[in-house]
Amino acid sequence: MSATRSALKRPAFALRALAVHAALLAAAAVGLAPFLWMCCAAFKRPEDVFGSAFLPPHPLHDLTPGNFAMLFHSTPFARWLLNSLFVSSTQTVLVVTFSSLGGFALAKYRFRGKKPLLGLMLLTLVLPALALLPGAYLLMYDFGWINSYAAIIVPGSVSVLGMFLFRQAMLSVPDDLLHAARVDGCSEIRIWWEIALPIVRPMVGAYTLLSFLGAWNSYLWPQVVLQDQAKFTLPIGLAGMLSLPEYQTQYGVLMAGTLLSVLPVMLLFFVLQKDFVSGLASGAIK
Amino acid sequence: MEFPLGKPILAILATALLSGAALVCMPPTPASDLTVWVFADSHARTYRSIRDSFEEETGRSLAIDDVGDSINIRLASLFMAGRTGNALPDAAEIEIGNIGRFLRPPVTDVGFLPLNQYLETSGFRTIDSPLDPGESGWNARCTADGKIYTHDASHWRLNPNRARPDAWIDRIIPARFTPWSKHGVIFGVPHDVHPVSLTYRDDLFRQAGIDLSTARTWTQFQDKCAAFQDYWRTHGVSHRHALELPASTSDDLVIMLLQRHVNVVDDRDQIHLADEKVVKTISFYAQLVAGARSIGAPAESNTGIWINQLEQGEICVFWTPDWRVDLLRRYAHAEALRGKLRMMPLPRFDPDDAPTSTWGGTMIGIPRGCRDPDKSWKLIEFLYLSDAGLDARRNEGEIVSPLMERWNDPICQKPDPFFGGQQVRKLYVDLARQIPPRCVTPMTSVAQITLSIVLGDAVQYVRNRGTIGLEDACRQWLNRATADVRRRIDHASFEKRDATP
Amino acid sequence: MNGKQGDCSYSAARRFTLWSLQRRAAPYLFLLPFLILFFGFVLYPLANSVILSFEKTAGPRLTRFAGLTHFRFLLHDWLFWVAVLNTIGFAIAFLCLQIPASLALALLLNSPLVRFRNFFRFAFFSSNLVGQAFAAVLFTLLLVPRAGLVNRMLGAVWPSLLELDWKSDPRFARVAILMAALWLSVGYGMIYFLAALQAVDQELYDAARADGAGAWSRFWHVTLPQIRPVTVFLILVGTVGSLSLFELPYVFFQGPGPQFAGLTIVQYLFTQGFGAGDLGYASAIAWALVALIGTVTLVQIKIFRGAGEHP
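Residue numbers (the working numbering), protein chains in the order written: chain A, 1 to 286; chain B, 287 to 787; chain C, 788 to 1098.
Hint data in this document are derived by calculation from the structure and do not stem from the laboratory.
Even for Gly, the Cβ is constructed at its ideal location relative to N, Cα and C.
Possibly wrong hints are sitting among the right ones.
[What the hints assert, rightly or not] The calculated lysine-lysine pairs, modelled on PhoX-like cross-linking and capped at a C-alpha distance of 25 Å, are:
hint : chain 1 : residue 1 : chain 2 : residue 2
1    : B       : Lys626    : B       : Lys700
2    : B       : Lys700    : B       : Lys712
3    : C       : Lys1089   : A       : Lys115
4    : A       : Lys274    : B       : Lys293
5    : B       : Lys712    : B       : Lys626
[As the list claims (entries may be wrong)] Footprint (simulated), chain B over chain C, 3 or more residues, beta carbon under 8 Å:
hint : region
6    : 856-864
7    : 1051-1064
[Claimed, not checked] To give a feel for the contact side, a few chain B residues facing chain C, derived at Cβ under 7 Å:
hint : residue
8    : Met366
9    : Arg387
10   : Arg390
11   : Pro391
12   : Asp395
13   : His777
14   : Phe780
In isolation and in its complexed conformation, chain A is listed as follows (with noise of 0.2 Å):
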């Protein structure tokens, strides 16, 4: 019966998906258009930037790598790009790592506090960070961090949301199976390396892209915080270029330094696809 139903469908069949195919690709346009705009502009030649809307007139001839050649030459990029490598990676590493740890500890555990412990975390999860900006500045003055990476590292370690989807996650692990391998004379730190991190790696996908993401790109507490520019990270780094005067700014330059930094991101993304989707499956439907 549906084959014949699909067979009279046919030709409103096609219509149909060439108008939802004809949006999707028109909305498509629009998000790529400035990524398109960026590439282009990353290889072409000063006077060429505004000339054109994509590609020059002669894109053989006036294509050029020489912006890219430029940024390293006349900006710190490169001792940008190793700080917000640095920066970012380290903060990922240490923020997956405890929300992990403190989720499976809320999720599978009882103990004294929790209760109260959950509420103050969800108080502070409606707070926006900027309610802490300047006590938190006081905060670095005190530890004598301003200028330094632990002052963004160390405070970006520490994420409410994140407790909250691992502890989310960690709910869907079986208790028979931890309650097996504590049987087996498992100690509890193994139980949470070997048998619930592994279950729960879509999450862990999942919040490495966006504690990555957040950290990559965090323009307003490096920039509070960060005072020489040796230190400085993309963000901070790219839009400083923006200040300059207008006659001075290279833009060919400025959109290859932000091909270049939006890449990492677009790699990472692309590797963890499919785990931020299912991973985002199980913790949104709340």
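Starting from the known structure of chain A, arrange chains B and C on it as the hints suggest.
Same frame as chain A, now just chains B and C:
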């Protein structure tokens, strides 16, 4: 054993370790002995051209960092964190619009070092004999018995505290210390004077049968410009305006107020927004730019465009501080303007107004916690006050220097072909002598914004209802603005104030 | 959860005490890193910020008690209220556009007719990966009058739009920020909606179809209620995010924008605290923002809970 957390996080962990190792192993950037932060590329170019001679002379290496507009937030952040030593530059330039925030803390806590001591005790030049009266223009003189007399605003007075008659403080025009001072404590050496004059298309005015330079008062000026516009309207050129006059920003209004010796907020935190002079000026300005007798129109801020407007004769009179004339010389098409321009001092409202005003400015200061203030001072002397520094500056432009002895330079007498043979440099120097002092406080920028808003309201009023009742309306708005700024000053000031003086 | 140890050898007995020790201590040890960081870097600065909002500061360690001065001043500070209006206006416009757009895209993408779903998913979500600061840099160049991509495209349709100066006209400045924010966030919402749509039980649709419900009716009565949790989540997250907007307009305008069109509450907080140097006033502003967000969120939760009871 398969990594339970997954390959991506393993990769990230590896990245963290590798990049951390790289950062540790990275060679530290070679630190120079002295660092100066600037925000303008023209200044950076000037200093780089004399860097070698500085390094030769003093044996210290110098780094010149062009930080751009972010210099203000970076310095403010450094001061707020109480940083000292290597983190701070040894000298930093600040623009006049941005010095306000640095003057907010009490005088003892301002992020820059007070320079009064340095200015009073150093002078580079030595006077050969006590009989030498010093270069003309200085505010200090030495008599035969070695006594030093200094000139304040009105009298020559015996000054027992002055160590030398060639101290910098007596050789720089006092009115230019005001923006960079708080309660008499000077925090920066001024870069410039920036006297303001009016530059106009004399050829177009002559065609209309008008000699604009005879306008001595603003009323006369308005009459002449109105006649100018009428002439061109009747001759088919409808979009020709006389004066450049923005309607929504208060920059040029502030120029007029300064000319009348009114600072919107003065050094004692007195607000002058609601003074009668301000009411009258703002009413006058509003009807200059709107209404039946308007003679002005806003020009574009982009350099290329406003120069084009002057060349096309769309706007024929521009407010020209010396830096704008530099831009004209550099970017205008010489054939379009050569010989057609003339310059005149500002017309006045009252006889005791100054014939000029000031617009813009830069200073150089020493951050309080820097490594060695004495070395920083030597650097500042070299860049700002030495012959080498001042000569190098002349390659970038023809800014009037705040050192009064330089005003006697014979080059000032040269006629300028761009201005049809007029002695433009001499005019600027004459105007520089009469610069009104400008005060900059933490609240000045907010007060000026408030003034812009009142100006916008006033212009709207004139467009809708003409000038009847304009002054009363302005008075009302300005009183309200004063109350708001007063509240802001009381809120923002850190020191406790016993009673408003 | 007490694992009962059965038979024990001698070594098992010794392991027993050590084992049960670590068994009992485990939750606390696991939580320890988080707790230290939480108390140290969240709760303590929070408390500090509360105290700061009652003090005036002017530099490192220059503080003075000021009582309610900041809050009293806040009520009369017209710049603050401009920021509030800007921020709330942005939040409303943003949510009204982002949620429907994300849902529409997710619905399209969820259609069984679609091929290359992964490509489209990547295309839509990739804009979210960019982050506010880089997006501001990118859009600064895209919105250059006459020569930027956006103006070119607009100018092809309506020639007078070619000259549009987004950065100097306050009305268009706001639109520019909204545009950039939407470009960043629609993909994010789409991913969540897609996951939710794909989790809806097909049987519900079949039942509805059997009842004779049309496409719109199916959408209204089956789809929407089923994705309600995700919708609520996105609205809440979007509210907090849009009321806390800072990086995008700050980097784009390099300041408050034309006639303060780009001034948001957080930007005002930032310039007061780290520009003018009064961390106390900045804290007061921060708490005012928290109060605003808290109130709006509470109202929203009440609405959703109420609406949920009347399906």
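These are the hints, each one checked on the structure:
no. : hint                  : verdict
1   : B/Lys626 to B/Lys700  : holds, 18 Å
2   : B/Lys700 to B/Lys712  : holds, 8 Å
3   : C/Lys1089 to A/Lys115 : holds, 23 Å
4   : A/Lys274 to B/Lys293  : holds, 14 Å
5   : B/Lys712 to B/Lys626  : holds, 19 Å
6   : 856-864               : holds (count 5)
7   : 1051-1064             : holds (count 4)
8   : Met366                : holds, 6 Å
9   : Arg387                : holds, 5 Å
10  : Arg390                : holds, 6 Å
11  : Pro391                : holds, 4 Å
12  : Asp395                : holds, 5 Å
13  : His777                : holds, 5 Å
14  : Phe780                : holds, 4 Å
Violated hints for the displayed structure: none, as all numbered hints are satisfied.
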